[in-house]
Amino acid sequence: MNRRLPTNLVIGAVLVALVVGVAALSLVWTPHDPTLMNIRGKFADPSEAHWLGTDQLGRDVVSQLMAAARNSMTVALVAVLLGGSIGVALGLFASAVGGWVEDGVMRLADLGFAFPALLFAIMLAAVFGPSLSNAVLAIAFINIPIFARVTRGSANQIWTLDYVSASRAAGMNKFVISRDHILPNIAAAIIVQATIEFAVAILAEAALSYLGLGAQPPASSWGRMLSEAQTLMYLAPQLAIYPGLCIITAVLGFGLLGDGLRDISDPRLSRQR
Amino acid sequence: MLELTDYSVNFSAGAALRQANLTIKPGDRLGIVGESGSGKTMLALSLMGMAPDGATLSGALCVDGIDMTQRNEIEWQNIRARRVAMIFQEPMAALNPLRRVGDTVMEPMRVHEGLSHDQAQARALSLFEEVGIPDPAARLRQFPHELSGGQRQRVLIALALACNPALLIADEPTTALDANVAVLITDLLVRLSQERQMALVFITHDIAAVARATQDIVVMYGGDMVEYGPTAEVLKTPHHPYTKGLLDALPDPSRTTHDANGKRRRLPTIPGTVPQLQDLPQGCRFAGRCPVEVPQCAAQKPATQSFAVNRSSACHLNEGAKR
Ligand SMILES: Nc1ncnc2c1ncn2[C@@H]1O[C@H](COP(=O)(O)OP(=O)(O)O)[C@@H](O)[C@H]1O
Ligand SMILES: [Mg+2]
Numbered sequence: 001m002n003r004r005l006p007t008n009l010v011i012g013a014v015l016v017a018l019v020v021g022v023a024a025l026s027l028v029w030t031p032h033d034p035t036l037m038n039i040r041g042k043f044a045d046p047s048e049a050h051w052l053g054t055d056q057l058g059r060d061v062v063s064q065l066m067a068a069a070r071n072s073m074t075v076a077l078v079a080v081l082l083g084g085s086i087g088v089a090l091g092l093f094a095s096a097v098g099g100w101v102e103d104g105v106m107r108l109a110d111l112g113f114a115f116p117a118l119l120f121a122i123m124l125a126a127v128f129g130p131s132l133s134n135a136v137l138a139i140a141f142i143n144i145p146i147f148a149r150v151t152r153g154s155a156n157q158i159w160t161l162d163y164v165s166a167s168r169a170a171g172m173n174k175f176v177i178s179r180d181h182i183l184p185n186i187a188a189a190i191i192v193q194a195t196i197e198f199a200v201a202i203l204a205e206a207a208l209s210y211l212g213l214g215a216q217p218p219a220s221s222w223g224r225m226l227s228e229a230q231t232l233m234y235l236a237p238q239l240a241i242y243p244g245l246c247i248i249t250a251v252l253g254f255g256l257l258g259d260g261l262r263d264i265s266d267p268r269l270s271r272q273r
Numbered sequence: 001m002l003e004l005t006d007y008s009v010n011f012s013a014g015a016a017l018r019q020a021n022l023t024i025k026p027g028d029r030l031g032i033v034g035e036s037g038s039g040k041t042m043l044a045l046s047l048m049g050m051a052p053d054g055a056t057l058s059g060a061l062c063v064d065g066i067d068m069t070q071r072n073e074i075e076w077q078n079i080r081a082r083r084v085a086m087i088f089q090e091p092m093a094a095l096n097p098l099r100r101v102g103d104t105v106m107e108p109m110r111v112h113e114g115l116s117h118d119q120a121q122a123r124a125l126s127l128f129e130e131v132g133i134p135d136p137a138a139r140l141r142q143f144p145h146e147l148s149g150g151q152r153q154r155v156l157i158a159l160a161l162a163c164n165p166a167l168l169i170a171d172e173p174t175t176a177l178d179a180n181v182a183v184l185i186t187d188l189l190v191r192l193s194q195e196r197q198m199a200l201v202f203i204t205h206d207i208a209a210v211a212r213a214t215q216d217i218v219v220m221y222g223g224d225m226v227e228y229g230p231t232a233e234v235l236k237t238p239h240h241p242y243t244k245g246l247l248d249a250l251p252d253p254s255r256t257t258h259d260a261n262g263k264r265r266r267l268p269t270i271p272g273t274v275p276q277l278q279d280l281p282q283g284c285r286f287a288g289r290c291p292v293e294v295p296q297c298a299a300q301k302p303a304t305q306s307f308a309v310n311r312s313s314a315c316h317l318n319e320g321a322k323r
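Protein chains in written order, with the UniProt record's numbering: chain R, 1 to 273; chain S, 1 to 323.
By construction, these hints were calculated from the structure, which means they are not laboratory data. On a predicted model such as this, the values are computed, not experimentally measured, just so you know. Misleading hints may appear alongside valid ones.
Derived SDA-like pairs (lysine to any residue); straight-line CA-CA distance at most 20 Å [said to hold, decoys possible]: (1) R:K174 with S:M50; (2) S:K25 with S:D53; (3) R:K174 with S:N78; (4) R:K174 with S:K25; (5) R:K42 with R:V62; (6) R:K174 with S:L98; (7) S:K25 with S:D67; (8) R:K174 with S:P97; (9) R:K174 with S:V111; (10) R:K174 with S:G114; (11) R:K42 with S:D206; (12) R:K174 with S:C163; (13) R:K174 with S:D53; (14) R:K174 with S:E75; (15) R:K174 with S:M1; (16) R:K174 with S:P52; (17) R:K174 with S:E233; (18) R:K174 with S:K244; (19) S:K244 with S:E233; (20) R:K174 with S:Q276; (21) R:K174 with S:D67; (22) R:K174 with S:R99; (23) R:K174 with S:I74.
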C-alpha cells in the first residue's frame, strides 16, 4: 500500500496552516493597529516598521492583511457551519423520510442552487443595509442546498447497508439511526465538502466586500482592500497585489486540502492516481 | 404468537411471496429452506415489517393476535426487538464499523426500555456471556473489525436478544462462516431457543443444519411454500418434486465417487436456476424445471394438500393421492 500523502493534501495543509495561523495570531498581535491612519506616512515603502509599507491613508499593510485574514476566516467558518448544519440536517431528514418529502426537499434545494449568492446578498443589502453579517447569511444560504445534496446522496447509500437494516430490525427509529449510524458514516464526505466550501466562502466574502456588500469600514477585508486599491493601480499596484495574493493563497489552500482529503477518504479515487 | 394467512408480497414485476400460511408458537423451531431467490429473505423481512418499499402486502400477518399488515413503521418499531428480532446473513456488514459493538448492543435497551448506561452495560455483559463471547467486558469496547466473523455473529445474536424477543429470525446466519464455526452458531441458536422458550425461524440452504436445528421445516420455491412438515419426516419422505430434487442434490458421503463402469458419478442437480420474478410461471412456480410436470402445472397454482395435521405440500400430482 502506498502510504505517501497526496501532494495536494500536503500543499493545501501547509497553505491553510499559514493562513489560519496568521488569522489566529492577529487575535493577539499585529505589528500596528490595522485601522490607525497616518496621512503623512502614506504610500510608505517597505521598512523595518512597516514590512509591506503603508496604504493611501498611511495604515500598516501587514496589519490590515492579518486582520482581514481573521475576518475572512470568521465569515467563512460561520457561514459554512451555519449553512452546512442546516443543509446536513435537511439532507439527513430527506433521506430518512424518503418518498415525496425527499423529492420536495431536493427540488427546493435545486431552487436554492439556481439562486446566486450575489443576488441574495444584494437583496439582503437592499433590505437590511450592507453588512458583514448579511454577507455571512448570504454565503450560508448558498451552502444549504450544496450540503443538503451531498448529505442526502451519501446518506441514501448508507441506508441500504446491512447495519442499518440490523438497527431497524432492533426497532430503532429513523432519528436514532440517522444520528448514530448514518451521520458518523457520512462525516468524511461532509468534511471534504466543508473544506471545499470554505474556499468558496472565502472567495464569496472577498467578492461581496469588493462590491461593498460585505465588510464595512473600518473592518479590514481582502476584498475591500482590493477595491480601494483599484483606483490607485498606477500609483501603488502593490496595494492590490498583496490582498490578491492572500485571497489566492487561502482559496487555493482550502481547495487543495479538500481535494486531498477527498483522495484519501475515497480509496477508489486514490487507487486510480 | 405469529400467524400468516394467505400472506402475499407483490411487486410490479410479480409476487415475491404468494399466499403464505404459517403459524409459529412460542418455542417453535422452524427451518426455511430453498435455493437463492426463492423468497426466504423476503419472508423474513416481512415478518419484521421490513418488506421493501414498493411492495404491496395482502393477506394477514398477525403478531400476538394483532394484524400488522397495514400498520405503519412506528407501530412496528414497538414490536421489533421486543417481540420479533432478526439476525442477518453477513456478520461483516451488519455491524456499524464506526461504533463500539457494546454501544450497538446497548442501543435497543436504552431506547425501548429506558435503561441507564450502566444498566444496559450490565445486561450487554451478561448477554455476551450467554452467547459465548470470551472476555466480554473487553469485547464491549471493541470495534467490529477487531472481531472474527463468528464473534461478530455472536454480537449480532446478542443485539437481537437485547430486549428478550419471543421470536428470533435468523436469515442464513451461518452462510458466511467457516463450517466449524457455523455448527457452533447453529447449536448456540438452538440452545438459546430452548433456554429462553424463544421461537426460532432458521433460514438456510444447508440441509444438514436444518436437520440439526429445527423441528419443522418449510420448503420454499419461487415465493411459494411448497412443502411443510416435521423436519425429519420431510427430509426422509419428501412429497414435493422440488423437495426431492433439493435432497437428491446433496452430496452423499456413503456413495462412491465412481460408478460400476468406472465413470465418475455426477451429483444430480435441479436443472436451471430460480427464474426472476417476472419470468416465474403463473401456475406452479416449479413448472419448467420439474421432472414430473403435467400440462396443468404451468397454468394453475396447485392447492396446498394436507396429509396429516402438520404435513402438507402443494403439487398437482399429490392431489387426491395419499390423503
Ligand atoms: N425490492 C425488490 N423489488 C422487486 N423484487 C425483489 C426485491 N427484493 C427482492 N426481490 C425479488 O424477490 C425474490 C426473492 O428474493 P429473496 O427473498 O432475496 O430470496 P432468498 O432470500 O431466498 O435468496 C427474488 O426474485 C428477488 O429478485
Ligand atoms: Mg436471502
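Hints, one by one, checked against the model:
1. R:K174 with S:M50: holds, 13 Å
2. S:K25 with S:D53: violated, 29 Å
3. R:K174 with S:N78: It holds: about 13 Å lies between the C-alpha atoms, which stays within 20 Å.
4. R:K174 with S:K25: violated, 30 Å
5. R:K42 with R:V62: Holds. R:K42 to R:V62 sits at ~14 Å (cutoff 20 Å).
6. R:K174 with S:L98: holds, 18 Å
7. S:K25 with S:D67: holds, 16 Å
8. R:K174 with S:P97: OK: R:K174 and S:P97 at ~19 Å, within 20 Å.
9. R:K174 with S:V111: Cα-Cα ~12 Å, so holds.
10. R:K174 with S:G114: Roughly 18 Å between the alpha carbons, so the hint for R:K174 and S:G114 holds.
11. R:K42 with S:D206: Violated, because 88 Å separates the two Cα atoms, which is more than 20 Å.
12. R:K174 with S:C163: holds, 19 Å
13. R:K174 with S:D53: With a Cα-Cα distance of about 15 Å, the restraint between R:K174 and S:D53 holds, given a limit of 20 Å.
14. R:K174 with S:E75: holds, 13 Å
15. R:K174 with S:M1: violated, 27 Å
16. R:K174 with S:P52: Holds, at about 16 Å.
17. R:K174 with S:E233: violated, 44 Å
18. R:K174 with S:K244: violated, 44 Å
19. S:K244 with S:E233: Roughly 12 Å between the alpha carbons, so the hint for S:K244 and S:E233 holds.
20. R:K174 with S:Q276: violated, 32 Å
21. R:K174 with S:D67: violated, 23 Å
22. R:K174 with S:R99: holds, 17 Å
23. R:K174 with S:I74: holds, 10 Å
When the structure is compared with the earlier hints, violations turn up for hints 2, 4, 11, 15, 17, 18, 20 and 21 and for no others.
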